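Residue-level listing of the chains:
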Amino acid sequence: MSHTGPVPSNDGSPSYLWLTILPLTLFVLLLWGFSQYPLPWSFELGWVDSLGVSLAFRVDGLAAQMLVLIIGIGTLVFVYADGYLAHEPGKGWLFAVLLSFMLAMIGAVTADNLILLFMFWELTSLTSFLLVGFKHQDLHARAAARQALLVTMGGGLALLGGMLLLGQMAGTWSVTAIIAAVPTLIPDPRLPYALMLVLIGAFTKSAQFPFHFWLPNAMSAPTPVSAYLHSATMVKLGIYLLARLDAGFNHVVIWEAALIGIGTLTALWAAILTLRERDLKRILAYSTVAALGTLTLLIGLPSPRAGLAVAAFLFAHALYKAPLFMVAGNIDHATGTRSIDHLMGLRRSMPWTAAAAVLASLSMAGLPLSFGFVAKGAISAAKAEAELLAAVSYTTVLVNAVAVAVAGVAAIRVFWGPPETPRGRVHEVPWRMLLPPLLIVLLGIEFEFLPNFADPLLFQAARAISPGLGAVELGNFFDFSPVVSLTAITATIGLLVFLSWDRLHRMLHSWHWLDRFGPAVLYERLLHGLPRLAAWQTQGLQHGRLGGYLRLILAALLLMEGWIWWHSGASPVLDWRWPPHAWAWVIACLLMGAGAVAAIFLRQRLAVLMASGLVGYGSAVLFLFAGAPDLAFTQFVVETVLVVVAASVLPLYLHDAVVSVKPRVTDIGLAVAAGVGTFLLLSHLNTLPADTTLSDWFLRHSLPEAHGRNVVNVIIVDFRSLDTLGEIAVLAFSLLAALPLLAGLKRRTTP
Amino acid sequence: MPHSSLLAKAARPMYWLMLTAAVWILLRGHNEPGGGFIGGLLAVAASSMLAIIVGVRTARRYQPLPPMSLATAGVGLALLSGIVGMATGHPYLSPMWGPIGLSTVLIFDLGVFCTVWGTLSGYIYALLGDEEANS
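These protein sequences, in sequence, are chains A and B. Going by my numbering, the letters in the first sequence line up with residues 1 to 751, in that order. Going by my numbering, the letters in the second sequence line up with residues 1001 to 1135, in that order.
Treat each hint with caution, since some may be false.
What the hints assert, rightly or not - Pairwise CB distance ranges (calculated): (1) A:E705 to B:M1014: 36 to 42 Å; (2) A:P38 to B:M1086: 44 to 50 Å; (3) B:L1006 to A:F698: 56 to 62 Å; (4) A:L745 to B:M1014: 26 to 32 Å; (5) A:S734 to B:T1088: 31 to 37 Å; (6) A:C589 to B:K1009: 57 to 63 Å; (7) B:E1032 to A:P689: 52 to 58 Å; (8) B:T1088 to A:T693: 28 to 34 Å; (9) B:G1129 to A:S734: 17 to 23 Å; (10) B:T1088 to A:P14: 37 to 43 Å; (11) B:G1129 to A:F517: 37 to 43 Å; (12) A:D723 to B:M1014: 33 to 39 Å.
Said to hold, decoys possible - Footprint (simulated), chain A over chain B, 3 or more residues, beta carbon under 8 Å: (13) 1077 to 1091; (14) 1112 to 1124.
FYI, nobody ran anything at the bench for these hints, they're computed from the structure. Bear in mind that the values here come from a model prediction, so they are computed numbers and not experimental data. Yeah, the Cβ is synthetic: ideal placement off N, Cα and C, and Gly gets one too.
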């Protein structure tokens, strides 16, 4: 089914169908592996041993199920994308990122080390950002990509915090070991915080309330991306993590409560918002959010059968939602619109797409003969076992009814009825866009009739989520009669919702308060508030006036000194002893004092420069006699170069030779206060005992170990040479950064 | 800028004198006050003197490499000096000693010297209005 090499299509953009061979090979290998080697498979390679981080991978039932979805649907998405983007010049880029995304997903669901898992997790966010922003010339696509990135990466930060806490509490980074160690973690007071942080991370990724808003907006991605990332795989990664950890935390109350509460709220909220949309793709996106909410709720259920429900619904949802997205893409491709107001009677012109839509919708509505029916059965069995609040049960019925209505919109409303007034001729799309959705839905049907293939996979996954699950079979797992009656109830309500879709839509659309409040609006406010905050603090702190900076620094210094005095409760002590060479100290101080006073009163720029140079020379003299000849030497050279260069350079940039700023009384007061405060602090510090361990060590070891009597230089080039390396690198980089700035300065001052 | 011809004549010999002093300071640094940093600063003093008196173009020509390349070479030397130790199984940047006081430490110090010389002279040339500051 693949060519060997880029085949130019009609407009010259090459076909990448041959690339499908990569995921296809992986898929075949995976299935072969399942038939040959029993799960779990594990594999470990050392990486950063000192931190306990290793390249540990483990494939158990849950990971295997995710792998089948990621690689299997990925293969077909590659085929679909090649058809969908046949005329897109940037197709190669898309395929490259899709492939990276697939590898990141494979890594994330197989990683058995928290740090490794986090790394892959962030990689999926990053590749998702690139894919959502694929049409980067489009303003909306850019905004949506940024939103997806900020929300999922922000959650990723919380996740990292939670993982670090979990790892520290358990003393290991291995996911398996942490889950096994959960009973010992329960009494730890840090556990609630760790769980909250992990939950925030998983909720942002899986678009749970209040972070759900990024997912519908991410629909500005090309349809293959929506079908793959935003229905079948990436958004399930949060669900995967929750399911993975649920094996351990299933009986922790806040974990359960958060999952059931947020899951229910998300499902209900998304079901309501679904009815407000007219765009087919956005309708599907909101129903995906509702499905993710249902999955979260199911994970939170305490019964062991919940594991089976999660596994079945995870599978069923991917198998019907990805084809439905592809159907929406086909319609968009053929008619140029996705608005359900303009789409009717497409059945005749697009029969194959219609077939895929009907079969996928059967499963979505949970009607008999579909895999969705099996999933529904597993879900109601799990719910029957757990004692649920009535509100949760009613909510799920309502959410399911809306799902039925969405299925009706996607399969019936769009394809049946009289054909719309012709808007050009609508053709069926090419085979590359038909085969993938049809193949996926047929697989779904096949699983229903030939359970031998799907069942082992589902049970292995279910047991990974709920270790308490016994040996059961999917077929006789539940009593059919309540499910059939339940299906009949949901289907009836769903039918009513479907028939009154337009009326409900008008009603919900008139609820304008939904647009003014809610998390999406809060996100916009924050996003727009950030530059304003930055502008405000920049104006306050980075105003470019040297005097202002000095004032700020001196005031902060004074505050800190005051705080130290007040905090330590010590009173200033003056321990006055004359040092050796006291005469030289006096001369040095006189030099510095004279320089400082002269700098205040002189008005000529060059004279001020010389006076400040005098302060530098004075301090060099001080260093010379205080036992720091290296420092004195450096100070002399620096001061000389500075004064000479500044004297040559200043006239080039400043055209008036006289300083126009007059000293102000408040500034003088501030300067004097800061000076006196620092003097008092230093003289007090001098009376405290100093820790000389390090300097003694350097003095003792300099000559015997580094063959040098100049301890300062030995420290610079030998003992702490890595520090020096960093410093000189920074020095060189600073020139690189400064050269363009200096060139700009030159241009501005010489017209 | 008007200069005295005496100063213009003396600038080049003075430059070599100062540069010799800078290298001497660099070499003696391990036992006496000195080292790559101070030596480099002295070399900067020499280069800036030449740049102010004779011109940036001349000062640039009297350096072994253009400023940015000199700084980069300095960082590179320091980086490379650390590898020598690794070749014999020691950790990165372990000092290695050869005959007549030659050592990787000296190469490292030479790297510091070149970085300081290149970077600061680059700044000064740019400030003095060098046309080819970016080379």
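Status of the given 36 to 42 Å range, CB of M1014 (chain B) versus CB of E705 (chain A): 40 Å, holds
Status of the given 37 to 43 Å range, CB of F517 (chain A) versus CB of G1129 (chain B): Violated, at about 59 Å.
Satisfaction of the hinted span 57 to 63 Å by the C-beta atoms belonging to C589 (chain A) and K1009 (chain B): 40 Å, violated
Satisfaction of the hinted span 28 to 34 Å by the C-beta atoms belonging to T1088 (chain B) and T693 (chain A): 31 Å, holds
L1006 (chain B) versus F698 (chain A) beta-carbon gap, inside 56 to 62 Å or not: With a Cβ separation near 47 Å, L1006 (chain B) and F698 (chain A) fall outside 56 to 62 Å, so the hint is violated.
Range hint compliance [Cβ, L745 (chain A) to M1014 (chain B), 26 to 32 Å]: Distance hint for L745 (chain A), M1014 (chain B) holds at roughly 30 Å.
Assessment of proposed distance window 52 to 58 Å (beta carbons of E1032 (chain B), P689 (chain A)): About 32 Å separates the Cβ atoms of E1032 (chain B) and P689 (chain A), which means 52 to 58 Å is violated.
Outcome of range test on Cβ distance (P38 (chain A), M1086 (chain B); 44 to 50 Å): 45 Å, holds
Beta-carbon spacing of G1129 (chain B) to S734 (chain A) - inside the hinted bounds 17 to 23 Å or not: 20 Å, holds
Supplied distance hint 33 to 39 Å, evaluated on CB atoms of D723 (chain A) and M1014 (chain B): 34 Å, holds
Satisfaction of the hinted span 37 to 43 Å by the C-beta atoms belonging to T1088 (chain B) and P14 (chain A): 52 Å, violated
C-beta pair S734 (chain A), T1088 (chain B): status relative to the range 31 to 37 Å that was hinted: Given range 31 to 37 Å: holds, Cβ gap about 34 Å.
Hint compliance for this structure: hints 3, 6, 7, 10 and 11 are broken, all remaining hints hold.
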